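All chains should be modelled from the sequences, with the hints used to inform the complete structure.
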Amino acid sequence: MTLAAAAATAANAPLTAAANAPLAANAPQGFLSPTGVEIAFLLVGLVTLGSAIVTVTTKQLVHAALWLVATLGGLAVEYLLLTAEFIAWVQVLIYVGSVVVLLLFGLMLTRAPIGRSPDADSGNRPVALAVAVLAAGSLVWVVVDAFRTTWIDLDRAADEAQGSTAVTGKFLFRHWVLPFEALSVLLLAALVGAIVLSRRNARMTRLNDTPGDPRTPGDPRTPGDPRTPGDPRTPGATGTLGKPRPPGATRTSGDTRTSGNPRTNGAPSDAPSDKEQR
Amino acid sequence: MHLAYPAVLAALLFCVGLYGVLARRNAILVLMSVELMLNAVNLNLVAFDVWLRDALHSGQALTLFTIAIAAAEIGIGLAIVLAVYRNRGSSAVDELRDTAEGPDDPDDDAEGVAAEEPAPAQKAEAAA
Chain E
1 MTLAAAAATA ANAPLTAAAN APLAANAPQG FLSPTGVEIA FLLVGLVTLG
51 SAIVTVTTKQ LVHAALWLVA TLGGLAVEYL LLTAEFIAWV QVLIYVGSVV
101 VLLLFGLMLT RAPIGRSPDA DSGNRPVALA VAVLAAGSLV WVVVDAFRTT
151 WIDLDRAADE AQGSTAVTGK FLFRHWVLPF EALSVLLLAA LVGAIVLSRR
201 NARMTRLNDT PGDPRTPGDP RTPGDPRTPG DPRTPGATGT LGKPRPPGAT
251 RTSGDTRTSG NPRTNGAPSD APSDKEQR
Chain B
279 MHLAYPAVLA ALLFCVGLYG VLARRNAILV LMSVELMLNA VNLNLVAFDV
329 WLRDALHSGQ ALTLFTIAIA AAEIGIGLAI VLAVYRNRGS SAVDELRDTA
379 EGPDDPDDDA EGVAAEEPAP AQKAEAAA
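First to last, the protein sequences are chains E and B. Under the numbering used here, the first residue of the first sequence is numbered 1, with each subsequent residue one higher. Under the numbering used here, the first residue of the second sequence is numbered 279, with each subsequent residue one higher.
What the hints contain is simulated information worked out from the structure, not anything from laboratory work. Quick caveat: nothing in here was measured; it's all calculated off a predicted structure. One or more hints might be untrue.
Said to hold, decoys possible - Footprint (simulated), chain B over chain E, 3 or more residues, beta carbon under 8 Å: (1) 35-45; (2) 102-109; (3) 120-130; (4) 135-148.
What the hints assert, rightly or not - Restraint ranges, calculated between C-beta atoms of paired labels, are given here: (5) E:His175 x B:Ile354: 24 to 32 Å; (6) E:Phe105 x B:Leu330: 21 to 29 Å; (7) E:Ala40 x B:Leu330: 16 to 24 Å.
We treat Cβ as the ideally placed atom computed from N, Cα and C, and that holds for glycine.
In structure tokens, the structure reads:
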């Protein structure tokens, strides 16, 4: 039934609405006689898909970020082939330029291992593979069945410069101003939120520990120092769940020898340690 | 150009991202996979915008908005991952089971309880 409807649409489109309807299919183009743009799109798409697969399967975390660059760059080329210039350059600027750099910073700050990490994948890998293959199969089937007789008129889009900066600026600031402004507020909120999230922890632990436990002002440093819990990917890494507490436990065991340690670290610990030595 | 090319590529990219989200252990790699999924949606939006050519250019506008939201998301996500790493010493998503409940992980629960319980008691001692 879908086939019949699609065929009817394809047959009717050139007759009825070829002049003005944007949905009109270009009858002379065939599925098995790809144009140059289609071949280029296919090749770049294969590269993009391949680097995406390497991104999610490689064992080296930094390489995953670098393959992500290839994926996003390939997508930018695809945008260019679809005559969306402005989006392509925005993609290059924001994704390749900042998001990947941010991800690399995140990898470095969480002390990701440089070499191969054998446990980069979690235990539910077969389930994930099954779900992904099932989703890919059904999605591709639906999409191909739905758009089998649909063509994009790239020449006309290129003639009208649909994706140029001028057209983008016009529609963005003529029709989409309010969402644009709301988006800028969202970006500001995200900026402030990121700063607060990365600052609040040290302060909160200090505030929590100073009045409650006078002898553990050094504690925020221990969980705060990523070197102390050791390699997060060691098999005993589940033991690090309890790590923030045990240093306090050893330190509060009653002897004043260990309490000399936090005293040298900062001013807030001076008064409690003095009180304790008295 | 046949519309099936970008649509199929977007569907496959989305499923690759889906696999990454489900299979990866490091939280930052999960974020990378989320980026892949968002990019698949962007490709779909751009392709359908070029196909439909509506006056508002909804596809390209929504693509720009999605890119901006993805940038915000990655900033917040990395801040959360760094905070978790600072507190736990690990950014593996399957080790963060504090809110997990159930009989499948008695070790984690027992460990968490054992780690949580002595601290208040010793705090009381210290205060005394």
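Hint check:
| no. | hint | verdict |
| --- | --- | --- |
| 1 | 35-45 | holds (count 6) |
| 2 | 102-109 | holds (count 6) |
| 3 | 120-130 | holds (count 9) |
| 4 | 135-148 | holds (count 8) |
| 5 | E:His175 x B:Ile354: 24 to 32 Å | holds (28 Å) |
| 6 | E:Phe105 x B:Leu330: 21 to 29 Å | violated (38 Å) |
| 7 | E:Ala40 x B:Leu330: 16 to 24 Å | holds (22 Å) |
Comparing the model with each numbered hint stated earlier shows that hint 6 is the single one that does not hold.
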